[in-house]
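Peer 1: So in the working numbering the end of the sequence shown lands on 108, straight run, no missing numbers.
Incorrect hints may appear among the rest.
Label-pair ranges, simulated between beta-carbon atoms [to be verified]:
1) 34 to 67: 47 to 57 Å
2) 27 to 69: 57 to 67 Å
3) 30 to 60: 35 to 45 Å
4) 17 to 91: 53 to 63 Å
5) 105 to 77: 21 to 31 Å
6) 77 to 27: 40 to 50 Å
7) 25 to 72: 22 to 32 Å
8) 44 to 84: 26 to 36 Å
9) 32 to 108: 16 to 26 Å
10) 82 to 56: 40 to 50 Å
11) 82 to 25: 41 to 51 Å
12) 18 to 74: 52 to 62 Å
13) 84 to 108: 22 to 32 Å
Simulated from the structure, these hints should not be mistaken for lab results.
For glycine and all other residues, C-beta sits at the position ideal for the given N, C-alpha and C.
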Amino acid sequence: MSNEGPATIEAATVVKPQDARLQMFGEFWHYFSVNKGAVIGLFVFALLILIAIFAPLLAPHSPDDQFRDFFLTPPAWQEGGNAQFLLGTDAVGRDMLSRLIYGSRFSL
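Full structure from sequences and hints, please.
Peer 2: This is how it looks when you write it as structure tokens:
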């Protein structure tokens, strides 16, 4: 026979649902932040989202503008490249960097 009486029973703590959510989020964030690959992936994903949102401000040219004097221009760091087109141009003279920046909107 046990001697459990009203004085020996511990009071149960009541956990509010929002406290439980905060505790679960805190545990998730702790394990997530320990994983360096996950943090780097989150940073890259956030960067892509920001690039997609601010594409009109970041892109040096419109993705549809054709520069007929610069067909198949190589990237700026290669011989024959032009600083006006950092990643070069395609077969119809469109800026590749601008097309990649605007293309990130469709990818997301």
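Peer 1: What are the numbers of the hints that this structure violates, sorted from low to high?
Peer 2: 7 and 10
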